[in-house]
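Colleague: Okay, here's what each chain looks like letter by letter:
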Amino acid sequence: MSVTLQVSSEVLDVRRAGSYFVISLTAPGIAEIAKPGQFITIAMGGEESSMMLRRSFAIHQVQSRGVYGGTLDIVVSVHGKGTKWLSERRRHDTLAVVGPLGTPFSLPKSPVSCVIVGGGYGSAPLFVLAEQLRDRGCRVDAVLGASTEEKLFGVLELKRLATAITVTTDDGSSGFKGNVADVLPELIDRVNADVVYACGPMGMLSAVAEIATRKRVFSQCSVEEAMACGIGVCMTCVLPVIGDDGVTRMVRSCTDGPTFRGDRVRWSDVGTIPEDTYGAPVSGVRS
Amino acid sequence: MSRALFVKPSSLSGPALSVDMTASFAGLELPSPMLTASGCAAAGKELDAFFDITAIGGVVTKSIMMQPRSGRATPRMAETPSGMLNSIGLQGPGLDRFIEEDLAWLNNRGARTIVSIAGETAEEFGKIAQRLRNVGGFEAIEVNISCPNVADRGQVFACNPVSAAQVVQVVKRNSDARMPIFAKLSPDVTDIVEIADSVIKAGATGVSLINTLLGMVIDPVTMRPALAGITGGLSGPAIRPVAVRCVWSVRQAFPDIPIIGMGGIRSGTDALEFILAGANAVSVGTSIFNDPSAPFRIHGELQVALAERGFSSLADAVSYAHRPVDTTREDPITSEQSSDDDWDFISE
Ligand SMILES: Cc1cc2nc3c(=O)[nH]c(=O)nc-3n(C[C@H](O)[C@H](O)[C@H](O)COP(=O)(O)OP(=O)(O)OC[C@H]3O[C@@H](n4cnc5c(N)ncnc54)[C@H](O)[C@@H]3O)c2cc1C
Ligand SMILES: Cc1cc2nc3c(=O)[nH]c(=O)nc-3n(C[C@H](O)[C@H](O)[C@H](O)COP(=O)(O)O)c2cc1C
Ligand code: FES
Numbered sequence: 001m002s003v004t005l006q007v008s009s010e011v012l013d014v015r016r017a018g019s020y021f022v023i024s025l026t027a028p029g030i031a032e033i034a035k036p037g038q039f040i041t042i043a044m045g046g047e048e049s050s051m052m053l054r055r056s057f058a059i060h061q062v063q064s065r066g067v068y069g070g071t072l073d074i075v076v077s078v079h080g081k082g083t084k085w086l087s088e089r090r091r092h093d094t095l096a097v098v099g100p101l102g103t104p105f106s107l108p109k110s111p112v113s114c115v116i117v118g119g120g121y122g123s124a125p126l127f128v129l130a131e132q133l134r135d136r137g138c139r140v141d142a143v144l145g146a147s148t149e150e151k152l153f154g155v156l157e158l159k160r161l162a163t164a165i166t167v168t169t170d171d172g173s174s175g176f177k178g179n180v181a182d183v184l185p186e187l188i189d190r191v192n193a194d195v196v197y198a199c200g201p202m203g204m205l206s207a208v209a210e211i212a213t214r215k216r217v218f219s220q221c222s223v224e225e226a227m228a229c230g231i232g233v234c235m236t237c238v239l240p241v242i243g244d245d246g247v248t249r250m251v252r253s254c255t256d257g258p259t260f261r262g263d264r265v266r267w268s269d270v271g272t273i274p275e276d277t278y279g280a281p282v283s284g285v286r287s
Numbered sequence: 288m289s290r291a292l293f294v295k296p297s298s299l300s301g302p303a304l305s306v307d308m309t310a311s312f313a314g315l316e317l318p319s320p321m322l323t324a325s326g327c328a329a330a331g332k333e334l335d336a337f338f339d340i341t342a343i344g345g346v347v348t349k350s351i352m353m354q355p356r357s358g359r360a361t362p363r364m365a366e367t368p369s370g371m372l373n374s375i376g377l378q379g380p381g382l383d384r385f386i387e388e389d390l391a392w393l394n395n396r397g398a399r400t401i402v403s404i405a406g407e408t409a410e411e412f413g414k415i416a417q418r419l420r421n422v423g424g425f426e427a428i429e430v431n432i433s434c435p436n437v438a439d440r441g442q443v444f445a446c447n448p449v450s451a452a453q454v455v456q457v458v459k460r461n462s463d464a465r466m467p468i469f470a471k472l473s474p475d476v477t478d479i480v481e482i483a484d485s486v487i488k489a490g491a492t493g494v495s496l497i498n499t500l501l502g503m504v505i506d507p508v509t510m511r512p513a514l515a516g517i518t519g520g521l522s523g524p525a526i527r528p529v530a531v532r533c534v535w536s537v538r539q540a541f542p543d544i545p546i547i548g549m550g551g552i553r554s555g556t557d558a559l560e561f562i563l564a565g566a567n568a569v570s571v572g573t574s575i576f577n578d579p580s581a582p583f584r585i586h587g588e589l590q591v592a593l594a595e596r597g598f599s600s601l602a603d604a605v606s607y608a609h610r611p612v613d614t615t616r617e618d619p620i621t622s623e624q625s626s627d628d629d630w631d632f633i634s635e
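Chains as they are written, first to last, in the numbering used here: chain F, 1 to 287; chain Z, 288 to 635.
What the hints contain is simulated information worked out from the structure, not anything from laboratory work.
Do not rely on the hints blindly, as some may be mistaken.
Claimed, not checked - One-sided and incomplete, this derived list gives chain F residues near chain Z with beta-carbon spacing under 8 Å: (1) SER50; (2) GLY232; (3) MET235.
What the hints assert, rightly or not - Output of the computed footprint for chain Z on chain F, the stretches with three or more beta carbons under 8 Å from beta carbons of chain Z: (4) 3-13; (5) 51-64; (6) 273-280.
What the hints assert, rightly or not - Partial pick of chain F residues on the chain Z-facing surface, computed with a CB cut under 10 Å: (7) ALA43; (8) SER77; (9) VAL78; (10) GLY80; (11) GLY230; (12) MET250.
If you're wondering where the values come from, they're calculated on a predicted model, not measured in any experiment.
Note that CB positions come from ideal geometry on N, CA and C, so glycine has one too.
Chain F extracted, bound-state conformation (with noise of 0.2 Å):
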């Protein structure tokens, strides 16, 4: 089994990005082993905080040595009361920090052609990525995609790592008006690609996906489901997920996922118990 800390971590920078927060956090331990795909999650406001549920982020960057040990950074959108309290952290703050968590993108064994697909801050974890494609002698191509140009995350750090670029925004504030399924099948053939690794908003993941299969790439897609522990005792993040038997079974995303193959969630499904899924109501009458 994997290993998984519980530490107390010292923020040591808030600084914005386009419409984020990127937050620096040391993470001893954390940062030495996580690997690209996996999160943490953070406890929200303090010991008597009536937030019961920590937060999920993905592991954005890593640093594992330096003047604070191991540290790392995390994207941070501001959706509702918990992600609001902590964009307004600050240098010296602690936070109680849970990871690395999750099951990691797996890299293929040899140097193969890959897309990799962000859509707003779901770029976060393919920097990491990125650049281990490319140390294994990857071509890197990415693509961008958000509603607007504000929402777009690391596209000057990501044209640094990646082979090529391409940006596509809804409102067409920035690089191709469209989204990052408008652009996904030309580029896929164009670099005869071998894989494609996604994280973004399901819509865009469930598009990905699609698209990969029906051009037989092998895909990994990184999902977000609501999650309540993030350490898989709870059962709140399930999905319908194809297994290695042909065998639809509610899976956790926290620890079978955030990673999944693209062909083997039913993404049409997501948010149903499909019929054929293994344990569901025979009758269909259940409380």
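Once you have looked at the hints, place chain Z with the ligands on chain F.
Modeller: Showing chain Z with the ligands alone in chain F's frame:
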């Protein structure tokens, strides 16, 4: 029923250095009163990465049913002030795989296990108990009767004293005579003491108090119920006063029965509240999601809290809040002069 209920702390002079944390009840002798609440710790394996799972009193496993179950559609949870709603729908691997994998792991690891069982009919509960009896390898059974009774148009067993008793009877009949059986009650009833009375008469060794309260959240954005299952069970510190009241009431009615208390325990003093109200042991659920080490941390905090109050053992604190009010003297716990007959032991 003749055991003493009110036992005085033996050390009255300052915090004791060490407190005997042994929880002895229902024939069990656990090194700690801390348990994991069913459904909040799976079968202990994941939490063992955060603390030594054998160091706490035991693991109460996720309620297991006969067959594998997919559970309900998502979203299955919504955060609420100091709590959450869940509507998992008892997703689980079914009894066979539970025994082969989860129970086997717990036994290998040397953890003490209380197996929580659930069923759609009283017969299902019975069959599960029978199968478990043949397998062994656990300390007690917790009967989750807060699930819908198919034979009673889905009415929850725990809300009807007759159905609740039926389930307990069947489980009792199919279990080893010495096996402690805890009926886990729902607070969503008019009179929880009546239900407790009914399950005790049916043969339950003790009761676990409390399961979640039925609740609902409407998402202001979608303007629809936030959970796919529409309603869900409310848990966490938000329900703690309700849980403490239930433990108190049942303890008052039954001075001797074993009680496992739970509902929003987050710290040592929270656990202490339940112990003082009459719980012999406590389970930690939702707080595990906030702090995966919570059961272990709270054990330490409870020990300190007991020492600070002059208790030399956990057993002395059980039901201590029920001691008669004495207006003529100082509280005995802070007074050096008090003697054994300052307050009475009740017995029948
Ligand atoms: C594996 C994973 C990785 C993630 N990575 C990032 C990241 O790198 N950057 C980032 O900004 N966000 C990320 N998220 C989403 C982030 O966790 C949510 O936006 C955040 O939990 C919302 O909390 P809140 O208090 O602001 O919102 P509220 O709406 O107040 O939250 C209420 C509850 O719902 C849950 N919730 C609400 N929205 C989401 C959501 N979109 N996903 C999961 N749970 C949700 C919360 O955890 C909380 O329990 C990730 C989520 C997952 C599951
Ligand atoms: C996600 C979740 C799943 C639960 N599953 C079960 C279960 O399977 N069986 C059961 O008896 N209680 C279950 N419960 C109830 C808890 O065991 C406990 O009684 C309740 O949550 C109150 O304790 P808490 O506030 O410490 O969580 C569940 C609670 C939660 C939050
Ligand atoms: S979030 Fe609890 S099991 Fe995944």
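Colleague: If a hint holds in the structure, say so; if it does not, say that too.
Modeller: Results of checking the hints against the structure:
Restraint check, SER50(F) versus chain Z: the minimum CB separation of about 4 Å is within 8 Å; hint holds. Interface hint at GLY232(F): satisfied, since its Cβ lies 5 Å from the closest Cβ of chain Z, which is below the 8 Å cut-off. Taking 8 Å as the C-beta contact cut-off toward chain Z, the hint placing MET235(F) at the interface holds, the least distance being around 5 Å. With 3 residues bearing a CB less than 8 Å from a CB of chain Z, the segment 3-13 of chain F meets the requirement of three and the coverage assertion stands.
Using a Cβ-Cβ cut-off of 8 Å, 4 residues of the segment 51-64 of chain F lie near chain Z, which meets the minimum of three, so the contact claim holds. Under a criterion of three residues with beta carbons nearer than 8 Å to beta carbons of chain Z, the stated coverage of the segment 273-280 of chain F is upheld, 5 such residues being counted. Annotation: ALA43(F) was flagged as interfacial toward chain Z, and the flag holds, the nearest CB pair being 6 Å apart, inside 10 Å. Contact between SER77(F) and chain Z, as hinted, is not supported at the beta carbon level, the nearest pair being about 16 Å apart and thus beyond 10 Å.
With 10 Å as the threshold, the beta carbon of VAL78(F) stays out of range of chain Z, its nearest partner Cβ sitting at about 15 Å, so the hint is violated. A distance limit of 10 Å between C-beta atoms decides the matter here; for GLY80(F) the minimum to chain Z is near 9 Å, and the interface restraint holds. A hinted interface residue such as GLY230(F) counts as satisfied when its beta carbon comes closer than 10 Å to some beta carbon of chain Z; here the least separation is about 8 Å, so the hint holds. Given hint, MET250(F) at the interface with chain Z, holds; its Cβ is 5 Å from that chain's nearest Cβ, closer than 10 Å.
Consistency with the previously given hints fails for numbers 8 and 9, ordered from lowest to highest.
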